[in-house]
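Between the sequences and the hints, there should be enough to build the whole structure, so can you do that?
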Amino acid sequence: MIILVGESGSGKTTILNELEKRGFKKAINHTTRAKRFGEDELKEYKFLSKEEFETMWKQGKLLQRAEFNGEFYGVSTESLADNIASIMIVQSILDVKNTIQRLNLKNVKLKSFYIYVPEEERVKRMVKRGDSIETIQKRLILDKEKFKNVEKVVDYTVENKNLEETVQKILKLYETDKITSD
Numbered sequence: 067m068i069i070l071v072g073e074s075g076s077g078k079t080t081i082l083n084e085l086e087k088r089g090f091k092k093a094i095n096h097t098t099r100a101k102r103f104g105e106d107e108l109k110e111y112k113f114l115s116k117e118e119f120e121t122m123w124k125q126g127k128l129l130q131r132a133e134f135n136g137e138f139y140g141v142s143t144e145s146l147a148d149n150i151a152s153i154m155i156v157q158s159i160l161d162v163k164n165t166i167q168r169l170n171l172k173n174v175k176l177k178s179f180y181i182y183v184p185e186e187e188r189v190k191r192m193v194k195r196g197d198s199i200e201t202i203q204k205r206l207i208l209d210k211e212k213f214k215n216v217e218k219v220v221d222y223t224v225e226n227k228n229l230e231e232t233v234q235k236i237l238k239l240y241e242t243d244k245i246t247s248d
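67 is the number of the first residue of the sequence shown in our numbering; add one for each residue after it.
None of these hints come from the bench; they were simulated from the model. For every residue, glycine included, the Cβ atom is placed at its ideal position computed from N, Cα and C. A few of these clues could be false.
Have a look at the derived ranges for each label pair, beta carbon to beta carbon [to be verified]:
1) 194 x 117: 36 to 46 Å
2) 185 x 222: 30 to 40 Å
3) 173 x 104: 37 to 47 Å
4) 126 x 186: 21 to 31 Å
5) 198 x 103: 35 to 45 Å
6) 230 x 168: 34 to 44 Å
7) 238 x 217: 31 to 41 Å
8) 115 x 242: 38 to 48 Å
9) 103 x 227: 32 to 42 Å
10) 115 x 186: 35 to 45 Å
11) 194 x 125: 41 to 51 Å
Right, dumping it as structure tokens:
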């Protein structure tokens, strides 16, 4: 499993889409939030009640859980397969690693990547995609806090200057590195 983390405008979603084109499957997130118009069950999310979500967590069927706007999000243990990729928040990487240890899962191939892009470039990207200046400023402030210790959590930091080179570097590190079993 490949886990991508990165600040707003770092290109993590674009990288995830490129990995999908190269044979990786996106991990399906489980959530308690309501389904939005146009979302297909099991394509982007598996929609659950809060009770169902809690049951899955207690049964060890979720790698991690995060709360956002009063709703829960989590990726199932089924995502610990080869050729699965996901975007997560920094804390979720720690949760995934702790769950792997707690469930005593051996021979798991899990690698996490921090997608780094300098702030000036990220601002340009957010402006280009239509984010408001107010939204960009809020994201920059939040990102400074959320990512201050990211390099202590992830396995690798990859600078995203060029999409193709970034994807190739991630694939090479994923394929050549050994299986994690600690």
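Unmet hints by their number, sorted upward, for this structure | 2, 4, 5 and 7
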